[in-house]
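Participant: Sequence:
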Amino acid sequence: MATGKEASKSKFCIFLILVGIQVFTLSSCETIRSFWKPKDAFLKSLDLPDWVLESSIKLRIFNDSPNVINPEDAMPEDDIASYANQLRVLLAVSPAAMRDIYEMAGCLDGSDLIKVRGNKMTDSGEDIWFGVCKSGAQDAIVFRVLEMGNNQLYYLYEEELIKTWDEAKKNAKTNPDKSMRLATKIIEHEPAHPGARRLLGSLYLKTGYCPGAVRNYRIYLRILPHSLEKSKIDSLLKKSCGDTLVPKKPEPKEFSDELPTLEESGS
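Here the sequence shown is numbered in our numbering, starting from 12 and rising by one per residue.
By construction, these hints were calculated from the structure, which means they are not laboratory data. Accuracy of the hints is not assured; some may be wrong.
[Claimed, not checked] DSS-like, lysine-lysine: derived pairs with alpha carbons at most 27 Å apart:
hint	residue 1	residue 2
1	K243	K189
2	K184	K249
3	K131	K184
4	K250	K126
5	K217	K189
6	K243	K145
7	K217	K174
8	K131	K181
9	K250	K55
10	K217	K196
[Claimed, not checked] Cβ pair distances, simulated, as ranges:
hint	residue 1	residue 2	range
11	T185	D51	41 to 51 Å
12	R128	I173	35 to 45 Å
13	L54	S122	31 to 41 Å
14	K243	D134	36 to 46 Å
15	P222	E114	26 to 36 Å
16	G160	G129	13 to 23 Å
17	E169	L98	34 to 44 Å
18	D51	Y165	18 to 28 Å
19	S122	E65	25 to 35 Å
20	G121	S246	11 to 21 Å
Note that this is a predicted model, so its numbers are computed, not measured. Glycine included, C-beta positions come from ideal geometry on N, C-alpha and C.
When you get a sec, could you build the whole thing from the sequences and use the hints?
Facilitator: Structure representation (structure tokens):
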């Protein structure tokens, strides 16, 4: 039988263990929270319009093609471009696309990217690229890699999609429908391509399709939060697409009006 001293020690040990678990849990929660919800101070420093940080809900599309990672551009915006630990986190497939995306996106402070210093793979399937900025600052960008090692997709980007992007830019004024199809093809394979997002945002806005314009400009400004066009884009969308800027959440219904009753569906 345990003595009074031993019982006291046991209780004290249990207390320390419980405190340790609580501290660990709180620190883990903070890590998770900081990943999904960046700190307000950092977000404020980006000076982004509120609608850029909103997210619309899109249905997942069944993917019949193994070489299309984002069919019909159905991925949620948060999966494509977000922030964590004061860095941009972007979805990408091909290493060549990562380089192009980084060069188009520039540094987080808004200055041009002068050169890429190197990259580092993590155990969680992220590829962190480090760069030197025109401002003199050091920069980094995190790519969440999909289809790692898929040589078919690497080849597709290098041999086809780079040319597709050039063609999309050439047709933007003379044949906007073709330009839109080509740009859409790019984002189905490389969803965080900032050039294609900006082009699609502009084309959708001109045709009056606000959901498409808002979605593409939202992703574009997450990738380039200090874009010189930020104020202009914000003004245009508020003027033309004000009702679409904040996604509307449908009111929950107890029963669906569209589902048949048992009597209607019975034979």
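Participant: Taking the hints in turn, state whether each one holds.
Facilitator: Results of checking the hints against the structure:
no.	hint	verdict
1	K243 - K189	holds, 25 Å
2	K184 - K249	holds, 24 Å
3	K131 - K184	violated, 40 Å
4	K250 - K126	violated, 38 Å
5	K217 - K189	holds, 14 Å
6	K243 - K145	holds, 24 Å
7	K217 - K174	holds, 24 Å
8	K131 - K181	violated, 35 Å
9	K250 - K55	holds, 23 Å
10	K217 - K196	holds, 20 Å
11	T185 - D51: 41 to 51 Å	holds, 45 Å
12	R128 - I173: 35 to 45 Å	violated, 23 Å
13	L54 - S122: 31 to 41 Å	violated, 20 Å
14	K243 - D134: 36 to 46 Å	holds, 41 Å
15	P222 - E114: 26 to 36 Å	holds, 29 Å
16	G160 - G129: 13 to 23 Å	holds, 20 Å
17	E169 - L98: 34 to 44 Å	violated, 26 Å
18	D51 - Y165: 18 to 28 Å	violated, 39 Å
19	S122 - E65: 25 to 35 Å	holds, 27 Å
20	G121 - S246: 11 to 21 Å	holds, 19 Å
Hint compliance for this structure: hints 3, 4, 8, 12, 13, 17, 18 are not met, and every other hint is.
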